[in-house]
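Q: Residue numbers (the numbering used here), protein chains in the order written: chain P, 1118 to 1495; chain C, 277 to 934.
Calculated from the structure, these hints are not laboratory results. Be aware that a few hints might be false.
Said to hold, decoys possible - Restraint ranges, calculated between C-beta atoms of paired labels, are given here:
id: 1; chain 1: P; residue 1: Pro1324; chain 2: C; residue 2: Tyr405; range: 41 to 49 Å
id: 2; chain 1: C; residue 1: Pro403; chain 2: P; residue 2: Ala1321; range: 37 to 45 Å
id: 3; chain 1: P; residue 1: Leu1219; chain 2: C; residue 2: Val498; range: 50 to 58 Å
Ideal placement from N, C-alpha and C gives every residue a C-beta, glycine not left out.
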Amino acid sequence: MNPLFQPLTSSRPQQQGLADWFGRLHLDLWLMMLLASVSALGLIVLYSASGHSMPTVMNQSERLLLGLGVMAAAAQATPEMYRAIAPWFYSMATVLLILTLLLGDHAKGAQRWLDFGVVRFQPAEFMKLAMPLCVASFLHGRPLPPNVSTIAITLALIGLPTVLIAVQPDLGTALLIVAAGGFALYFGGLGYRWILGALAAIGAALPVLWTRLHDYQRQRVLTFLDPETDPLGTGYHITQSKIAIGSGGLFGKGWLNGTQAKLDFLPESHTDFIFAVYSEELGLMGVLFLIGLYLAIVGRCLYIAVRAQDTFQRLLAGALGMTFFIYIFINMGMVIGLLPVVGVPLPLVSYGGTSTVSLLAGFGMLMSIQTHRKLLAS
Amino acid sequence: MSRHDKLKDLHREKETFAARTVVAACVALLLAATLSFRLFDLQVLQQTYYSTRADENRMRLSAVAPVRGLIYDRNGAVLAQNTPAFVLELVPEEVKQLDDTLQRLAKLVRLDDIDVARFKERVRKTPRYRAVPLRTNLSLEEVAKFEINRYDFDGVDVTAGLTRSYPLGDTAAHVVGYVGGITEDELRKAPEPAFRGLSQIGKVGVEKSHEDLLRGEPGAKVIEANAYGRPLRELDYQQGKPGRNLILTLDAKVQMVAEQALGDYNGAVVAINPQNGEIIALVSKPGFNPHLFGEGIDGKTYKTLLDDPNRPLYNRALQGTYPPGSTIKPFMALAGLEYEVIDANHREVCNGQMSLPGSSRKYRCWKRHGHGSLDMAAGVARSCDIYFYNVAINLGIDRIQGFLDQFGLGRATDVDLPLEKAGLLPSREWKQRMRKESWYPGETLNVGIGQGYLTVTPLQLTQITARMAMRGDGFKPHLVRATQDPISLATDAIALEPLPAIQNRHKADWETVVHAMQQVTQVQGGTAFATFKDAPYTVAGKTGSAQVAGLKQDEKVAPTQESLPMHLRDHALFIAFAPADNPQIAIGVIAEHGGHGASVAAPVARQIMDQYLLGEIRYRAPGTPAPAVAVPAAPVPAVAIPQQAAPPDAELPDTEDN
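Next up, chain P with everything else stripped away, as it sits in the complex:
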């Protein structure tokens, strides 16, 4: 990094930070409480959705604890450290993605996993963190609002890993990574003309894209538009999901009383479609409560972002918070039939390993931004 572009905040002595590590836990009470609430709710629904499987719940609990540990650890590092490692982290994640394409394991027909003998993981999860870090730190060193060359470089930074993930293929994660980078760019002050232009370009490209889609891909889109045309085939997921949600009603059928998941009508009921189980058993009231919790988390993230002390921290916090929201929106949207089905889990509730850990690591960075802020004030 060019020291000339370093903001004033990074010039404070390191000793002070070190001293603070021991002085404080660097955790944000509000975020902690909200995340714990959602996680606990998630475990309760998971027990029902997995067919009363205690091992599944224990497994998920272990991952949540691991995630919280990683979060606490991540909160200890200073934002400056994140900014310093951002380019390296991004480069490493990109290399791993390339390796995944070359050497990765095939699971369910997609090449997502990298196996190092002892450790087996999805490099795309690293990219979920590396992308906002990298774009935020890049824009931090640039005049904002970004000029054309800055935008071009940023889009290239976003585009490369997105393509690498999209060809695995993992459309859901690719979308989240675009969102992470895109939000950083947006918070950096990307002109609205650019945003509207991009939306218009996508809109214009759609008919062209449509003609180039494979038949099965078109079928998926058509199914999304009207799932009932093929209730036993491609529309089965979404039809059963809507039945589960709709039959829940205002107050739900009660915990453990949902029939759609219990009787196996609802596929993926404890992973991507767990929100349908939640809606069936706890009803609209429970759903609104959960959405409220999620919005509170997003709100807290934006609050942290607004109060952050430099551009890097602001962009990082804003991007992480909004990406978290996009996570929720895509998952709920697909489960209730507003969006096509892409594989995005419901954060902290869906059963699944690496995404939970990477998600909580991101919250660790947010806590770092929040708790290290006071250092400067003192």
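Since the structure of chain P is already known, use the hints to place chain C on it.
A: Chain C alone, transformed into the frame defined by chain P:
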């Protein structure tokens, strides 16, 4: 420099960021509101619709088979009942690898080749979503073994159900019939709710003809099933309405006596109560084991039964058509009296043969050297063909046809059993229509002695005997006396159906003919005198024999030297009713290839009458010291009746009688 200026404008950057955050937050809230509205739409506005869909998903309405009605004989002996049994069933649609599944099942339960063979047969005939029984009557041990391993067998299930059983086995099998699997064809024809929950319905006999009464109405149960269709628990259960019990007119004891009395002969026996048309016994031999069908028959066994030259599945009493032979003579006599062609004292001289004017063709009496001069009663008692040739030719076919038509010949009796044949009462019009030929006088002669085109079923033969017994009155023959509510046990009698009385001008003619028929059994020289001479009741009867020619029964069998004489032997017939002045029972017997009506068919009727009228068999076959329940199959040794001397078959191609 300008870049530095811009870069240093940190305050502006912060403001931009704050504004962007507000916009982002608004967009997020807007999107969250969209989600919430959609959820409100699904969970509140469309809740009823989706609740119904969820219930449709998990609830399966399935029918509960009603308990089939029992079948009793007139005295309460059980002829058909339901026995509890564990049945191993497969739903072909849900079994992925049928052969593999069967092999694995064979390790747990006993599976004979016949079970597998008939199962495969039935799978082909049954809709794929319906359960097909593989084994019935599983032992408790087999059930336990299967239940332990059932997770390994998708689409296989053990159901505790009732199977149909017939305690008397092949006794009255043709009457009671049997139940069997429902075929696609039957399912298509039936009104949909009728067969719900059932795997078997009546196939023949009373089981088929009274299927609607026996079946009852299916109940319903609502079960909760998972996405793979496995039933998990019962949510609601409604008992079906059990089928009605049937009380038959049949007397099982008399039926057994009749079956035993017929011995090894193929043939049929029908006994009717002339006072009300109740069928007391209805035998068709050979019989079959109805349990073969209850458990589901395989193609091979079924084919063996079908191809059996003795045709055990064929109910001769209703489906077999035979020339009545000399048993028609009393009716010819009655017609002769009616049209005053003869009177009771009219005599004919029998020289053993005669010919029609203008024709050289000889018509022979079965008695080669003739009967000499006889009156009507003697003509009946000694069964003179020449006498009845004359009666017939003087009546003419039109009057014969018109008169016998009143008795119901040539028409089905409409008995309550399936597949009844009508027989044939020929007429000029019939011959013109069917054969495109005019009627020849010689054919009238043949009809006069019960040969030629005239054919009857054993049931018809018995029915006309009953009408004779009742001097023209009569009732529709029937097998079901009453139906019974299986719960309250209240019975509903089935109404009798009187038939229009046979019209004749002189009521005394009946007594004249009945008197002549009594001569057959009561007077030395009567053809059945030997059988009935010691009977403690009065019997009016008539023997007969019918040519085998024209019968298709055994044509498939190549006539070997040994079998040839047997298959050329005549069918033995006998009709009778008793007591003659107050008739309680009318009987018709046909023993295929029995040879002589007097020696083979008449003893069968005698034993049935003994059993029915006296409650025990007093008849002793000549030379048989033991009680003669089991009648010897061999012809009874001749007593001193001239007719018993074997008629020279070869000389008399047209008719033979005794």
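Q: So, for every hint listed, does it hold in this structure?
A: Tested hints:
Hint check: proline 1324 of chain P to tyrosine 405 of chain C, Cβ distance near 45 Å, so the stated range 41 to 49 Å holds. In this structure, proline 403 of chain C and alanine 1321 of chain P break the distance hint of 37 to 45 Å, their C-beta atoms being roughly 54 Å apart. The supplied range of 50 to 58 Å is met by leucine 1219 of chain P and valine 498 of chain C, whose beta-carbon atoms lie about 57 Å from each other.
Going down the numbered hints, you'll see the structure goes against just number 2.
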